[in-house]
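Visitor: Okay, here's what each chain looks like letter by letter:
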Amino acid sequence: METQKSYQVQLDVFQGPLDLLLFLIRKKKIDIHDIPIATITKEYLKYLNNKEKINLEREAEFLLIATLLIYIKSQMLLPREKVLEDDDDPRQILVNRLLDHQKIKAACHILREKEQNQLKIWQRTSYPPQVKTDEIELTEISLFNLTEAFFSLMKKKQKENIKILEGKKYSIEDKMKEIINILNENSFLDFSTYFTQQDSIEEALISFFSLLELIRAKLVIAVQESLFHPIKVWLLEEK
Amino acid sequence: MTNHLKDIIESLIFVSLEPLSLDKIKSVLTEFSNKEIEEAINQLLESYSSNQRGIQIIQAAGGFLFATKPGHNIWIQRLLHGERKNKLSPSALETLSIIAYHQPITLAEISAIRGVDSTHSLRTLLQKRLVKIVGRKKAPGRPLIYRTTERFLAYFGLSSLKDLPTQEEIEKILVEENDIES
Amino acid sequence: MTNHLKDIIESLIFVSLEPLSLDKIKSVLTEFSNKEIEEAINQLLESYSSNQRGIQIIQAAGGFLFATKPGHNIWIQRLLHGERKNKLSPSALETLSIIAYHQPITLAEISAIRGVDSTHSLRTLLQKRLVKIVGRKKAPGRPLIYRTTERFLAYFGLSSLKDLPTQEEIEKILVEENDIES
Numbered sequence: 001m002e003t004q005k006s007y008q009v010q011l012d013v014f015q016g017p018l019d020l021l022l023f024l025i026r027k028k029k030i031d032i033h034d035i036p037i038a039t040i041t042k043e044y045l046k047y048l049n050n051k052e053k054i055n056l057e058r059e060a061e062f063l064l065i066a067t068l069l070i071y072i073k074s075q076m077l078l079p080r081e082k083v084l085e086d087d088d089d090p091r092q093i094l095v096n097r098l099l100d101h102q103k104i105k106a107a108c109h110i111l112r113e114k115e116q117n118q119l120k121i122w123q124r125t126s127y128p129p130q131v132k133t134d135e136i137e138l139t140e141i142s143l144f145n146l147t148e149a150f151f152s153l154m155k156k157k158q159k160e161n162i163k164i165l166e167g168k169k170y171s172i173e174d175k176m177k178e179i180i181n182i183l184n185e186n187s188f189l190d191f192s193t194y195f196t197q198q199d200s201i202e203e204a205l206i207s208f209f210s211l212l213e214l215i216r217a218k219l220v221i222a223v224q225e226s227l228f229h230p231i232k233v234w235l236l237e238e239k
Numbered sequence: 240m241t242n243h244l245k246d247i248i249e250s251l252i253f254v255s256l257e258p259l260s261l262d263k264i265k266s267v268l269t270e271f272s273n274k275e276i277e278e279a280i281n282q283l284l285e286s287y288s289s290n291q292r293g294i295q296i297i298q299a300a301g302g303f304l305f306a307t308k309p310g311h312n313i314w315i316q317r318l319l320h321g322e323r324k325n326k327l328s329p330s331a332l333e334t335l336s337i338i339a340y341h342q343p344i345t346l347a348e349i350s351a352i353r354g355v356d357s358t359h360s361l362r363t364l365l366q367k368r369l370v371k372i373v374g375r376k377k378a379p380g381r382p383l384i385y386r387t388t389e390r391f392l393a394y395f396g397l398s399s400l401k402d403l404p405t406q407e408e409i410e411k412i413l414v415e416e417n418d419i420e421s
Numbered sequence: 422m423t424n425h426l427k428d429i430i431e432s433l434i435f436v437s438l439e440p441l442s443l444d445k446i447k448s449v450l451t452e453f454s455n456k457e458i459e460e461a462i463n464q465l466l467e468s469y470s471s472n473q474r475g476i477q478i479i480q481a482a483g484g485f486l487f488a489t490k491p492g493h494n495i496w497i498q499r500l501l502h503g504e505r506k507n508k509l510s511p512s513a514l515e516t517l518s519i520i521a522y523h524q525p526i527t528l529a530e531i532s533a534i535r536g537v538d539s540t541h542s543l544r545t546l547l548q549k550r551l552v553k554i555v556g557r558k559k560a561p562g563r564p565l566i567y568r569t570t571e572r573f574l575a576y577f578g579l580s581s582l583k584d585l586p587t588q589e590e591i592e593k594i595l596v597e598e599n600d601i602e603s
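Protein chains in written order, with the numbering used here: chain B, 1 to 239; chain V, 240 to 421; chain U, 422 to 603.
Mixed in with the good hints there might be a few duds.
[Unchecked claim] Covered, in the sense of this in silico footprint (three residues per stretch, anywhere, with C-beta under 8 Å from a C-beta of chain B), are these stretches of chain V: (1) 299-306; (2) 348-360; (3) 390-397; (4) 400-408.
Everything labelled a hint here was simulated from the structure, so no lab data went into it.
A virtual CB, placed ideally from N, CA and C, is assigned to each residue, including glycine.
Whenever a hint applies, use it, and build me the whole structure from the sequences.
Guide: Here it is in structure tokens:
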């Protein structure tokens, strides 16, 4: 339990300021519904002071709760004409947040146990070799998968195409000749390899259109054994 | 015949990588009545629980799935070259349970509940496909909203969101914790 | 004990991604003698062949592996075929994402961006009615141009195309990830 840890624990062990607050409340054996704000504010500030340097970005939230505590404390010190209703009690907001937080912590505890059991059992990650599937399936696709796929591809493209040859013009005709020449020398052409060897997006595009032209003219044939296999281009034999 | 049906269902669950739902089984086995199918499934589950076996049929995320037994974990890890399944970090788990209980929810709402910026945790969960974007909130800024996935259920061995720790279970934990302290 | 060993071997064969050879089994189960292991395998094979079951352990490609029974093929095909129809392949997803962000777009443009011919993926998307033909481009060859459909929006829970996560939103998630790696 966290309560067993020494006082000098790092802020890093807490998931957030509410964690720290809850820790201090438990350490003092205080009922959440009845927090002595003065004491707990002192504890909380003492804790923050123990950190030699405060990393503003990381710990801004810790300071935010400190501010809230001080605010509550000041509100409590002000003389009032009548007793505060529950809803107006500035402590109530904090208490509600702490109670919610405590519940989430408890739920996490239960989920962690379930996770531990599940991690010990294994499921297959692919079909047994016997069953033939020509497509790897996605289990669940969300918008995130969709956009991630797109932007990853774009990023890859940007990295690939750093070489830009100025002034060089490509024509579909030249490219078609080049592809035919390669095919005359080799039995086939691996299109993705060929594509990545192109110097620029422009050249790659021209190559692609050239290939499409050759296919349309029935001079070559593009074959893909199955999905995700490289596309291979073959010269069509005249019959 | 029913006996034979049990075998067919066994092979269907076997070739399925994701939990196979009862509806799915019914939609594939159109030749058989719902009653026959349900009886056969019961027989199948019965035969797995009564015989000592190395593999089991588990029910998760609303379906049936083959899985190994917990006790064989060490040898399986050895076979798969020390491949281990990593548990979620405390902050990812906390974020995930907030999403589970408060879904649909935005990142700003998650961060507000936790009291910390939760971008990093949310990213981990999206990448593990335990949560997904389901649209945008009709509110200023139209922020993206998130939900847990089927995979989330399977990850914790839950059949549905109804299987999430209940109020009573949570209270029980809280009482236990207080007992330890006092 | 040998009985227990039989179960361990069963689970090893189950999780193995390739036919599991006898040597491999022995190298994993160092606590057991070769004789014990061989006996347990025989027991395991025996238990599968003597009981009527939907799945079997066969010996092929130099190892043991699970297989379904040939007689169940019709239903298995029906199940797997159905599953395939319901899901998007990674390449279809990639193609869809390009169309979503670049619409209106032609097949040649999609293929150029992806670096692979995308005819197949596009056909899948058309069949699933996630994209549609909206006309022809005023360009040589007058190629067909494509857009995403209403169904696409519904599938991803979007009310309009403006709701697609923006480059900034996704980069906030993806870029930070690179920072951690480097």
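Visitor: Compare the structure with each hint and give your call.
Guide: Hint by hint, here is what the structure shows:
1. Evaluation of the coverage hint for the segment 299-306 of chain V: fulfilled, as 3 residues show C-beta separations to chain B shorter than 8 Å, against a requirement of three.
2. Interface restraint, the segment 348-360 of chain V with chain B: holds (5 residues with C-beta to C-beta distance below 8 Å; minimum three).
3. Three residues within the 8 Å Cβ limit are the bar, and the segment 390-397 of chain V against chain B gives 5, so the coverage statement holds.
4. Closer than 8 Å: that is the beta-carbon criterion, and the segment 400-408 of chain V has 3 residues meeting it against chain B, so the requirement of 3 holds.
Checked against the numbered hints given earlier, this structure breaks none of them.
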